[in-house]
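Enquirer: Since the structure of chain H is provided, determine the placement of chain G on it from the hints.
Protein chains in written order, with my numbering: chain H, 13 to 889; chain G, 353 to 464.
FYI, nobody ran anything at the bench for these hints, they're computed from the structure. As the structure is a prediction and not an experimental result, all values here were calculated from the model. Don't be surprised by glycine CBs; every beta carbon is placed ideally from N, CA and C. Treat the hints loosely; a few may be bogus.
As the list claims (entries may be wrong) - Heads up, incomplete: computed chain G residues facing chain H, CB under 8 Å, no partners named:
#1 Gly381
#2 Phe382
#3 Asn399
#4 Gln400
#5 Ser402
#6 Leu408
#7 Gly421
#8 Ser423
#9 Lys430
#10 Arg433
#11 Arg436
#12 Lys440
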Amino acid sequence: MIRMIWARVSSYASRRRAEHELREEIQNHLAMATEHHMRRGLSRREAELAARRDFGSVDATRERYNDQLGLPSLDAVLADFRIARRQLAKTPGFTATVCVLLALGIGASTTVYSIVDAVLLAPLPGAEPEARVWIDETVDGRQMGGDPARLRDMQGRLEALSAIAGFYGEDAILVDEDTPRRVPVLRTFGDYFSVVGLFPSRGRVFTPDEIRGTGDPVVIISEGFAARRFDAADDPIGQSVRLAGQDLTVVGIMPRELFPRDVELFIPADPGFQEMQRGGRFLAIAGRLASGRTIDQAQEEMDALMGALQQEYPDTDAGVGANLRPLHDAVVGEARTPVLALFGTTVAVLLLTTLNLAGLMLARGLARRSEIAVRVALGASAGRVVRLFLIESALVALTGATAGIAVAGLAVDALGRFVETTTNLAGPIAIQWHVALVGVALAALAGLVLGGVPAWQATRRDAAPALREGRVAGGMGNPRLRRFLVGGQVALSVVPLIAAALLTREMTTHLSKPLGFEPAGVLTVKTQFSWSSPGGEVKQFIDDALERIAAVPGVRAVGMADRLPLEGASQSTTILIRGREMTSQLGETRVARRSVSADYLQAIGVPLISGEGLDPAGVSDAADYGGGVVVNQAFAATFFGATSPIGAEMSFFGGAGGRDRAPHWRRIVGVVGDVRREVTEDRAPPEAFSLYAESGWPLLSFAVAAEGADPGSLASAVREAIAEIAPSQVIDSIEPMTARIGGAGFSHRRNAGVMYGFAALALVLVMVGLYGLIATEVAARIPEMGVRAALGAGTRHIVSECARHTLVTTAIGAVIGAVTGIALASALGGFLTAVEPADPLAIVAALAGMALAAGAAALPGMVRAARVDPARALRHD
Amino acid sequence: MNDVKSDVPYGTLDLLVLKTLHTAGPMHGFGIARRIEGMSEANLELNQGSIYPALLRLQQRGWIESDWGTSENNRRAKFYRLTRNGTKQLRVEVENWERTMSLVQRVLGATK
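Next comes chain H alone, as it looks inside the complex:
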């Protein structure tokens, strides 16, 4: 046996010589045979013919000899390629179908995997990444921003963490270029660089004094900032960078890889912030495990520390805690659910593609049994026939795979840009070649196995029955296999359909809810100050801007708010109500606190339900906490039930962890309608509006109500008005409120858009698959129909039988798919807020879509079957 294998292998090495020798041997054989016959008295021509007759087919001999030699010769393979190409060209429909199928399947799976890989699997930059932990502060189990004072406690009192740093991001205004521009800044508390394991590639880190914010004003800049701000010839180290209100000296330049990715300047936080009293909630905190310590040990230590702090600071630290998790988990966590959903859908699409391909190849192979039988009968060896089919499959798979990679290239580019903007990624998204290769391999495998197996089976059989069967019975081989392929495809494609339908329902449900304000005719303007800007400076700017913008011709009203509707929460606190014992539930109910100007609610058209608006005259003295409070209906209902809240007095920061121990009472002067705060919110939370004067919030949104219908025409005048009072102030955006609302639903629409893409893809795939399987079956049964018709039976029976099978199989597949889809949707609950995973409308819509697609795919085959002309059918083949 071993000897045989060795002989085969070594004969392969010398096969060219062997083939050459055989040719010579055959030539000599024929010459000797010719001489032999001539000696018996035949003419040369007769002798030659006799010699050839005796010898039999030279080609068959050579082929069998080659089979015996082992692997096929290049010549034979090339010849097979030509035959395969001809075969494929003869069936352009099949060829195109398979190519499109592979292009879509491989394209989609590669694209999505590339993105998943970049978001979930790619490591964040930095040394010893596994030692980095993210620290979430909690109060009574609810996640909160970090407190600088508690950060100081952690830094001094934990041993399992070798370094702990806090940071927050802000935009600074760079004023030493031609036009002022915003640059993203990371303000650090503690030794940030040691924690993340990233260090300047040139220059130095901050000194201990600088870290505390008490040294010279210094900055570490990103490579990108250095390239943009400084000439290549100059050394940026030691140069100065001028921000609005601050001159900084460059001490270091970071390498290209950063965390967070888009930061340009690293600056220690102001000492005033670093030494803040307890009660701040704005820090992100990260730490680095001391060598040999585990995250569990650190968590234990942290729990002990938090317990101690609760005792030491009962007024401010009641209920505090801190949860540790790996930094990577925390950073990619936000993108995880949608990306996993996407990934699951891709797997479904890839499976669908493979099943589809399997169905097509199998149907084709079975339909060609008679062709195979003819080839075998004409002397082709089994190996040769199988090889021919394999080459055909390989050719189609290769073409389709190439197209698939091209599709992936385009899609990764387009989709990747979307994802990069929504997640905190370490690097750009690039196409993952190994995935493309996996896709290609899968396609090739499916194609080869399913193209080769039927051919192999056919050659094993006696040719005669196959020939007879091909003429009369036809059929699709094993009906159970066919049904499995159809049902499986339907089930797999129903999953993305359900997902798309659910997302659509989710979106329409949200968008159909009342906004609570009137966006038409309102122009919005956003600008901001630094978190460390003095409150007085911010207030002065707001006062001036409101006055100046109000004077612009065409402006009906102007207001300012810390955040616009549908943009999420800004500040939220618990409250106290004078003279009321707060139940524990009310005491913990958080109220969204909005800092606005007096005219803001009127400018965006929020209806005043009862009472009156905020009174700017009441806040002439900021320390007085006057001016009253306007609350929304949800607030009134939550805290006052059916009674009117007007005239009652309330104080922010009422509950545990509050900053102000002594309540500052303010009077509730009015009740306004509920305004949608977020797109996905079910109902408005309690909200309280107070005048901005006392607020240190530096993010400013102006709402400018136009007299006319087109607020966009005011944009340039408003821009000029702001430039007049603050020339270096950068306006972040200026656009009509209606456009902004459109943007608020953006991430939902994007998710839905991706899902629509997949659903459409799945529909196309399943239609291609069903069409192929049904058309092949009908074609194969046309002779049978001819016989039936000739015997007097109508073809209707066959058509209806065909239709019934398709219907039943599709229905079973659809039910399985629907159940799977619903189960997956419930498993990924975070996805849906407005509708149940088993939303009946979504399910009906998905199934109806599936039914339509299946019907459309099955129709051409059915029509063809119904139109069979018995006479022609019998001549068929």
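Expert: Just chain G, lined up with the frame of chain H:
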């Protein structure tokens, strides 16, 4: 004499080739084919070409060897000869064949 020629029974070509080389010594392909046809007194339908895959198969099993030489008509031809293993194998094959034949004969005789 019967006009009907039989195909070479499946699997017997190897045996016939081995036997031919055993009795007639080294020989080229055409000679082997001629000899088999001659021995069967033209009762056997042999595609002469089919002996080449058989010869290759026997070589791969190590039962025969080949060398280029010159034929009686001064043509270059490949000459095949039995190896020691081939001689042994021939004995085994002949035994197998005879056992099978006697079995078949006994069955045929019994049912007559």
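Enquirer: Does the nearest C-beta of chain H fall within a distance shorter than 8 Å of the C-beta of Lys440/G?
Expert: Constraint on Lys440/G not satisfied, violated at 14 Å.
Enquirer: Could you check if Ser402/G really has its C-beta closer than 8 Å to a C-beta on chain H?
Expert: 6 Å, holds
Enquirer: Let's test the interface hint: is any C-beta of chain H closer than 8 Å to that of Gly381/G?
Expert: It holds, given that the least Cβ distance between Gly381/G and chain H is near 5 Å, below 8 Å.
Enquirer: Please verify that hint: Arg433/G, Cβ, nearest Cβ of chain H, below 8 Å or not.
Expert: 15 Å, violated
Enquirer: Would the hint on Gln400/G stand, with a C-beta cut-off of 8 Å toward chain H?
Expert: Because about 5 Å separates Gln400/G from the closest Cβ in chain H, which is inside the 8 Å limit, the hint holds.
Enquirer: Measuring from the C-beta of Phe382/G to each C-beta in chain H, is the shortest one below 8 Å?
Expert: 4 Å, holds
Enquirer: Would the stated hint for Lys430/G survive a check requiring a Cβ distance to chain H of less than 8 Å?
Expert: 5 Å, holds
Enquirer: Arg436/G was flagged as interface toward chain H. Is the shortest Cβ-Cβ separation under 8 Å?
Expert: 14 Å, violated
Enquirer: Would the hint on Leu408/G stand, with a C-beta cut-off of 8 Å toward chain H?
Expert: 5 Å, holds
Enquirer: Can you verify the interface hint for Ser423/G: is its Cβ closer than 8 Å to any Cβ in chain H?
Expert: Status holds, d = 7 Å.
Enquirer: Is the interface hint for Asn399/G satisfied, with its Cβ closer than 8 Å to some Cβ of chain H?
Expert: 3 Å, holds
Enquirer: Identify whether the interface hint at Gly421/G stands, where standing means a beta carbon of chain H within less than 8 Å of its own.
Expert: At about 11 Å, which exceeds the 8 Å cut-off, the nearest Cβ of chain H leaves the hint on Gly421/G violated.
Figure legend: structure checked against the earlier numbered hints; hints not met, in rising order: 7, 10, 11 and 12.
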